[in-house]
Structure formats: structure tokens, C-alpha cells
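> Chain residues, written in single-letter form:
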Amino acid sequence: MSEQEIFDGVQEIFRTVFDDDSLVLTRETTADDIEDWDSLEQINLLVAIEKKFSIKFKLEDVKNLPNVGAMLDLVKRLAG
Amino acid sequence: MPYTYLITGATSDVGAALIRRVWKPGDIILAQGAGDLERLEPLRALCGDSLHLFDVDLTKEAPLSDFIETIRREFGAPTHIVHLPALRVINTKFRNFDEQRFLLDFNVQVMSALRICKAFLPAMMKAKFGRVLFMLTDYLIGVPPKNTTAYIVAKNALRGLARSLATEAAPAGVTVNCVAPYMMETRFLTDTPDLIVEASAAANPMGRNARVEDVVPAMAFLLSDEAGFISGAELPITGGARY
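Chains S and F supply the protein sequences, listed in that same order.
Under the numbering used here, the letters of the first sequence match residues 1 to 80, in that order.
Under the numbering used here, the letters of the second sequence match residues 1 to 243, in that order.
Calculated directly from the structure, the hints in this document are not laboratory data.
Since the model is a prediction, treat every value here as computed from it, not as a measurement.
Mixed in with the good hints there might be a few duds.
A partial selection of chain S residues facing chain F, derived with a Cβ cut-off under 7 Å [what the hints assert, rightly or not]: (1) ILE43; (2) LEU74; (3) LEU78.
Derived CB-CB ranges, DEER-like [said to hold, decoys possible]: (4) LEU114(F) x GLU3(S): 47 to 57 Å; (5) ARG15(S) x GLY76(F): 36 to 46 Å; (6) LEU103(F) x ASP21(S): 30 to 40 Å.
In silico DSS-like cross-links for lysine-lysine, where the CA-CA straight-line distance does not exceed 27 Å [unchecked claim]: (7) LYS24(F) x LYS63(S); (8) LYS58(S) x LYS128(F); (9) LYS51(S) x LYS93(F); (10) LYS128(F) x LYS51(S); (11) LYS52(S) x LYS146(F); (12) LYS93(F) x LYS63(S); (13) LYS56(S) x LYS93(F); (14) LYS56(S) x LYS118(F).
Yeah, the Cβ is synthetic: ideal placement off N, Cα and C, and Gly gets one too.
Put together the whole structure using the sequences plus the hints.
In C-alpha cells:
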């Protein structure tokens, strides 16, 4: 799976979870940039990503993800 | 004195464990499930003929009415009512609130408890003894989590029922209590992603979710003779997470 496909899929999930079709992610986007992005929405994002890419996160891997870029890298590593 | 336990949602992990915990020879267990009564068959080895199983769809009014009538006709009023059932929690934003499903859950959680209590509480009060116990959730303690509106509304209604009945039944020596456990690792979580279950465990001060064996002894206590002066309580079983 290409990086672009992962990016597009993750961005789509962000738009759905935060109900904002105009939301544009960058690798540098953090929870500070999206008002509703709290720990619960973080879990909702991760669960939706797991489902979309048929992967399974470990809690310790996702506890300290600093930004979207780290999230994308993790998805790429797990999705192959 | 032998007791008659009417337990709705008895086929849950908590229900089955509670029967094991409280049953003693002479007691009668009236256990309701919905399409899953086989889960209670192993209890026959313990309870024998005193275990009576009822397959009742609590989402609908007619089967519940038939159930209540059968109990009334064949067993009379129970001494203990334990109400456990709920549909699975749907985690969704309020804009996606599904009214139809909410009403089904409301029937299961609230209306069935209300009708069962309406049918039997007066007789329990006349007998000057009784225990009623409802299953709540620690989501009701403090600020509720986001995206669980349907569950929170139904559980709050159930809490309101418990509190009202506790006030009314106390002079007759009938207690009405609730337990409010932290996320419990049971079959109820079948549809809940592992990540959510793990995150919940990690967020608990004791580093884990609740287990059936944390909750059932507390329930057994609230149902016991010794707990006769405790009514209107909502007991948090949360490992210190909420209280």
C-alpha cells in the first residue's frame, strides 16, 4: 500500500470522525490543531484506522504518537 | 427462609455467576434470557429443579407481560429482583442517534424493570421483606463519556426508577439498590474493539478493568439479609476510577 493511499484513507477517517469535510492533514498535524481531538477521539480514530487497514494496534505503540506523521508511519509499518 | 430470585439478564456472565453465588437449597431461581438459555444449563447441576428458565424478548411488551403473568401464576411474588439486561453499547456521536434502537434498549433496560417492579413490588412490600438490585454503570458517576447518549439516558432512567422505588419501599423493609461497575470484561464487550478495552484498563488506577468476581460479591451483599438497612445506594465498583 502506497504512502498516498494510507494518507488519503487516514484523512478520510479524520474527516468522518470530526465531521469536517474540509479538514486537511499534514504530517505535522497534532491534537492541538483539531479542537475535538481528545483521548477518546484518539481511540475512535485508531479503531477506525484498524478497521480500514485491517491492522491491529498495540496500546503501547499508540500511547505517545506525537503527530499524524507518526501515525501514518505506524500504519505503513503494520499494513506493509 | 427460602428465597425466590427473579433475575433478568441472567444469561450474562454476571447473572450466571450471581446465581452460583447466592443460591442455597430451597431457593427458587427464575432466570430470564433471550435466545441464550443454554448458557445457564450448567447451573442445573447446582440448583436442580429449582432453576426455572424463561426465554423472553424484553424489547417487546407482549412477551414481557406473558412472562410476568406466568411468574405471578406459578410462583407468586419473588423475594429478590435483580435486573441486569442491556443492549450492547453503541459508541456514536449524537448526530447519529438511532431512536429506534434506543427505544429497544429503553424497553430492555427501563420498561421491563418498571413493569416487573410494578407487578411484584406491592406484594414484596406487603410481605415486609424484599431486595431489588439494578445494574448501572460508572459512566453515571461524574461527567459521562462522549458518544454514549443512548446508554446514558437509559441508565439514568433506570437510576431514577431505583431512587424513586427506594424511597417508596423503605417503610416496608424492601431495599432498592444499584451497582455501578467500571468497564467489565465480559461477553457484553464482544463488539468493543480491543484497543478500547485496553485503553480503559490502562486508564484505571488499578491498571485493569472490572471482572465478574469484583462485582458479584458486592451484588450478593446488597441482596443479603445483612444489607437490610442499605437502600437507595449506587455502589461504585471501579478500582478507584470514579466515586
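> Confirm or reject each hint.
Here is what the structure says about each hint:
1. ILE43: Holds. Min distance 5 Å.
2. LEU74: Interface hint status for LEU74(S): violated (13 Å vs cutoff 7 Å).
3. LEU78: At about 13 Å, which exceeds the 7 Å cut-off, the nearest Cβ of chain F leaves the hint on LEU78(S) violated.
4. LEU114(F) x GLU3(S): 47 to 57 Å: holds, 56 Å
5. ARG15(S) x GLY76(F): 36 to 46 Å: violated, 59 Å
6. LEU103(F) x ASP21(S): 30 to 40 Å: Roughly 31 Å apart at Cβ, these two residues keep to the hinted range, so it holds.
7. LYS24(F) x LYS63(S): Roughly 47 Å separates the two Cα atoms, so the pair is violated.
8. LYS58(S) x LYS128(F): violated, 54 Å
9. LYS51(S) x LYS93(F): holds, 18 Å
10. LYS128(F) x LYS51(S): violated, 54 Å
11. LYS52(S) x LYS146(F): Within the cut-off at roughly 23 Å; holds.
12. LYS93(F) x LYS63(S): Distance of about 23 Å is within 27 Å: holds.
13. LYS56(S) x LYS93(F): holds, 24 Å
14. LYS56(S) x LYS118(F): violated, 48 Å
Of the hints listed earlier, those the structure fails to meet are numbers 2, 3, 5, 7, 8, 10, 14, in rising order.
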